[in-house]
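> Here is how the chains run, residue by residue.
4 protein chains.
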Amino acid sequence: MSQSIAIGMIGYKFMGKAHSNAYRQISQFFDLPLKPRLKTISGRDKPKVEKMAQRWGWENAVDDWRRIIDDPEIKIVDICSPNNTHHDIAIAAFEAGKIVACEKPMAMNGAEAERMAAAARKSGKINTVWFNYRRVPAIAFARQLIGEGRIGKVFHFRALYLQDWTLDPSVPLLWRMDKDVAGSGVTGDLHSHIVDLSNYLVGPIESVAGTSRIFVNERERPEGGKAKIEIEDASVFVCQYANGAIGHFEATRFANGRKNANTFEVNGEHGSVYFDLEDMSRLWYFDSREPKHVQGWKKISVWEEVHPYMKQWWVPGCAIGYEHTFGNQAADLINAVGQGKPMKPDFDDGLACQLVLDAVMEACAGDRWVPVKKPGSK
Amino acid sequence: MSQSIAIGMIGYKFMGKAHSNAYRQISQFFDLPLKPRLKTISGRDKPKVEKMAQRWGWENAVDDWRRIIDDPEIKIVDICSPNNTHHDIAIAAFEAGKIVACEKPMAMNGAEAERMAAAARKSGKINTVWFNYRRVPAIAFARQLIGEGRIGKVFHFRALYLQDWTLDPSVPLLWRMDKDVAGSGVTGDLHSHIVDLSNYLVGPIESVAGTSRIFVNERERPEGGKAKIEIEDASVFVCQYANGAIGHFEATRFANGRKNANTFEVNGEHGSVYFDLEDMSRLWYFDSREPKHVQGWKKISVWEEVHPYMKQWWVPGCAIGYEHTFGNQAADLINAVGQGKPMKPDFDDGLACQLVLDAVMEACAGDRWVPVKKPGSK
Amino acid sequence: MSQSIAIGMIGYKFMGKAHSNAYRQISQFFDLPLKPRLKTISGRDKPKVEKMAQRWGWENAVDDWRRIIDDPEIKIVDICSPNNTHHDIAIAAFEAGKIVACEKPMAMNGAEAERMAAAARKSGKINTVWFNYRRVPAIAFARQLIGEGRIGKVFHFRALYLQDWTLDPSVPLLWRMDKDVAGSGVTGDLHSHIVDLSNYLVGPIESVAGTSRIFVNERERPEGGKAKIEIEDASVFVCQYANGAIGHFEATRFANGRKNANTFEVNGEHGSVYFDLEDMSRLWYFDSREPKHVQGWKKISVWEEVHPYMKQWWVPGCAIGYEHTFGNQAADLINAVGQGKPMKPDFDDGLACQLVLDAVMEACAGDRWVPVKKPGSK
Amino acid sequence: MSQSIAIGMIGYKFMGKAHSNAYRQISQFFDLPLKPRLKTISGRDKPKVEKMAQRWGWENAVDDWRRIIDDPEIKIVDICSPNNTHHDIAIAAFEAGKIVACEKPMAMNGAEAERMAAAARKSGKINTVWFNYRRVPAIAFARQLIGEGRIGKVFHFRALYLQDWTLDPSVPLLWRMDKDVAGSGVTGDLHSHIVDLSNYLVGPIESVAGTSRIFVNERERPEGGKAKIEIEDASVFVCQYANGAIGHFEATRFANGRKNANTFEVNGEHGSVYFDLEDMSRLWYFDSREPKHVQGWKKISVWEEVHPYMKQWWVPGCAIGYEHTFGNQAADLINAVGQGKPMKPDFDDGLACQLVLDAVMEACAGDRWVPVKKPGSK
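In order, the protein sequence lines correspond to chains A, B, C and D. Each residue of the first sequence is one higher than the one before, starting from 1 at the first, in the numbering used here. Each residue of the second sequence is one higher than the one before, starting from 1001 at the first, in the numbering used here. Each residue of the third sequence is one higher than the one before, starting from 2001 at the first, in the numbering used here. Each residue of the fourth sequence is one higher than the one before, starting from 3001 at the first, in the numbering used here.
Straight line, CA to CA, 25 Å or less: simulated DSS-like cross-link-like pairs of lysine-lysine:
no.	chain 1	residue 1	chain 2	residue 2
1	B	K1013	C	K2035
2	A	K311	D	K3051
3	B	K1153	D	K3299
4	A	K39	D	K3035
5	A	K51	A	K39
6	A	K75	A	K51
7	B	K1259	A	K292
8	A	K311	C	K2292
9	B	K1013	C	K2311
10	C	K2035	B	K1035
11	D	K3035	A	K13
12	D	K3292	D	K3153
13	B	K1299	A	K299
14	C	K2344	C	K2122
15	A	K344	A	K125
I should point out that these hints are in silico values taken from the structure, not numbers from a laboratory. Everything numeric in this text was worked out from a predicted model, so none of it was measured.
Sequences are here, hints too, so could you generate the full structure?
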């Protein structure tokens, strides 16, 4: 690992911390072809970004993201800034020939996502969207089981993403509740994750119907004064899959007692799997081809060396946590770069997700079934 | 308990067994004003119904339900026969001045249910529908907690009723899969239960959208030959409540590994409750008004003397089972009769449920949002 | 089932109720060769036993158990009275040629148990001890898995029986806390169950060491006045098995929050099983011969038709409860009688259990390792 | 955090990795008074330790631990080498005026531990033993609840530490199975953890009785040839506490299916707590002073900002893992050093633990109850 690869990161808050930590850790835990070099971090508040840079070991702190785009030494542009900035940064980065890693939701809407994915394709550069939950070992393992034919034809998918942190009306307006910045509420923030997992595990959704709610209509601005809330606090939808399965999804920040309950279940002809992010080391698996009397839901602790990513970390029985999902994705990215191979999920996956989210937003707005657009269609 | 009350039961299969067992047990476990007398049981197959009568202690076995209606000594008519018989029997029973206890779903559709509920009201007789899950102690307890104001304003309801017993295509046609007899598939069989619980715990649903599937299109008839399947194997829907909450429901017989997973969760401003029939002694309760550091989901084993019905059975730590939900309802019915008080759920509750089911069927058929009709509307 | 078999029962309290219920139910649920006839019930308090008889359908109520022994029509003597009465009744019953079913613990001590087992052997009559937990379907199923060689050589057994009902010092003196009547505290009441399960699942214990505690030294007598408590509230012990395994056991009525936590785990070379009576429909099973990546603890819901006893009751997904363990044992007894075959657990099993309990009491009293006596040794 | 503090670490294998990772992460996540400087790492295999140093950012790699002792710039000596080296290194380090952080078990036996604790006291330097599980947030939180009086007088403690990684006889001899290097088997390796937690949560143990087993008597040496196994594969013991409570402990590497099942339960007069390291984000809490009908075991996800250590890491719902327990302890150590305050657990705690382990070894060897020596006694 004599060579390093320079990274420029735009955004320095929660996700900036998660990504910085990932880049710092992976050189120790993975055998990487290149050592991530934390070259430049960008943010609009110079003092804050400088403090972040110092603490996390970024060489430079800048307040204009274009300085990252313009730096020829920087090979990877990592976009962690709010949703409404992704489009311009990503396109500029692709045009500058950068490898791009973009936080989710990739875009404010499908139209943006179409342009971003087109730019990615045109550039020919490796690109990825931080749907980090694909790198939860238990979820990667679910995909593996499905790939082994252990579920068979799928009948049902059901996914929840339940939180409760905005239930209290005294929680002030944050950027995730600001329509201009976030684009949507739980749709972009939470449904994006479970829709991506649905794409990953089951396949494309054809049409959706649902409903959404704003339970608290007004919140304090941090700077004082009231703000009208225009993004949805909660949203539920049902869907029809191309492969004949049916599903339902719920995302909310008003499920009292649920903190990060990203759960899903796939039911197929030969078995089922169940996952809950609040117990992320486990995958539950039911195999209906076992002898009847010993059938049951098996609680598989996904921390053996044979499980995805786990050989890199500690030993069986020693759990990893939330942060390691970013490490896993960062390591996969560096490996892809070193080997010159494509990386998944990419901007086309981000687009596929966004088109479902657009349909969900439209369905909820109009109380009707909405078909999911095909990429590239009008 | 010197006096007895004569019961006539129509139907003698699975539910006939469940009800017979209930009537036999409750005189020992409850202090009832009247002793249930198992007078007459009716069924179309005379030898089978006679065998049933002998085994379970029914005094008479008949093959024409009208003999029960015509017997002046019989005060309670219990309807356990297939769905397509409920309407005629119930109306005849009310017209004959009987107390009526009818299995769910109450009717084949809303129109039947309207007439049945009208007959019930006109008769002035005590009546009930066997939504036995209201008498699971943990569910009655959930209702109690809600009644104590522990949940507050409700934001979300989500309910599943997952089974897998028809997933195997070699399972033959049974009456529950025959459209003429059952009326619908999982909608009448399973959604009816969770919609009733939703009515019981949250309140009325205003509109629904959903989709359903027939996964196996053809099955063997027990008597030989193939039957085309016309009832839905699975159905999912989202809904909007009159009180502003949103919800979703799923019922299926194709959820591999789920045997009787009737689960629900209510999320409100002060807390939440969660239940799963596969672990029926438990209610999970989250109280967000506790001090932050000791908040959590409490696994309440609903088997203390202070919990609904449990004082009647064994002692704390000694679980009751599926059958006792019928005992609880039967005992409540006998007590209501003895005290001359109304019984819940009644035929109006059965109608309310049926009108939601009608809307679900229509919504799934037409891929559109459908408002739930008000009782008595056209 | 044209013929019946007359039963005489001595004792009418909690266990009297459990047994009566069992005898009443099994004729409906099992295909028995003989119909249990509830002929005579005996108890010292005539009005109470008469009330019990009326409610539960016993033909006669008597206040002297010898009238049951003397009744030639009575074939089965069921002993549910307090521990200090078992010895005399059982021996009298065997001498009168009765089939005997005796509640646990079988005796006050090993010496009594030796005489009782000898009387049983001498009589040649079918006999059983109500270690009803062997008839929890999940436990019978655990035994089946072990019998199928799925665990292999056993390394560990650990069992708890945790309750909390006497933790409150204001709980008055009941017979189970009275040394003269109960013989011991949790040792006879709770350890007896888990020691029997250990004998059933693992094999004989060779030696034990442990310690016990009386946490509340004095309690109110129901009739007024204070009683000094001389039975142990809690007891823990470790043990060495004849087969080389090691184990530990705990029984207590002071485990706050545990109501009926009869749990055990067997660890062997090929796998493990885990059970908790508070979730009695489940057996957890780990199989280390599966492919590494899909190994896990399987939560088997023991309610399929292929599982012990379950075909007799309802359908998969419909749980049975505490009371059905007595039904299962009663049905097995009636079947054994009808077929003239021996019944397990029998008085020799009761003796084997009692000899371990004696060793535990001695070990706790003397703070030393105590070998378990062989049956028939001095 | 302008100033740094130089660390010298002895040992570079699994624990070396865990500690290195901790030192690297905490400067980002905690506001520390001093920045840990990874100055020198020592190990007997020069090429391996050099590779480790390069990967983890240690400035120097040496093959003689005395070079760390002799380096005046190094303030903290961290001992991660095998058990039989702790004594000499720690005493040398204290004599050189170092702060010492020593892996567990602190010593090969009580005699060593006495000398080490005396050296620590004499030096007056801050010292700690890596009983890292005290820094699992859920365990620190358990201690907090006990400190708040929520459990009251303790009746019971029961702890398991179950693993299965040596069950397979083909697992070769590792240093943890070599009596000369490890001193004991599961006693030093696993019981040390749960005995320390017992000391932390309940208080001193007065006497113990138990038994142990070697299930596999011979293993392959990695370098070839057979080795006779002289350390115990499994050990169970019961104990009596100074405060009147009773307990039992089990440690094994032969519990098939249990990977890192470090579990404990404390039962007291007002409530109970339960923990399982395999689900380390949770503490289960039962409060018997709540109204009876809402009592239950509360599953507290210990990841709120108000919980120990959690404010430093991510946000509620985002779990930390095994490695963070070392980060928490390392951060506490650096804070203690910066503030010149004592650190717990210290060498006296290590000694207290070791004296219990000595008693356990003696009790198992002699099949008798053994009192735990007081520190400083002969």
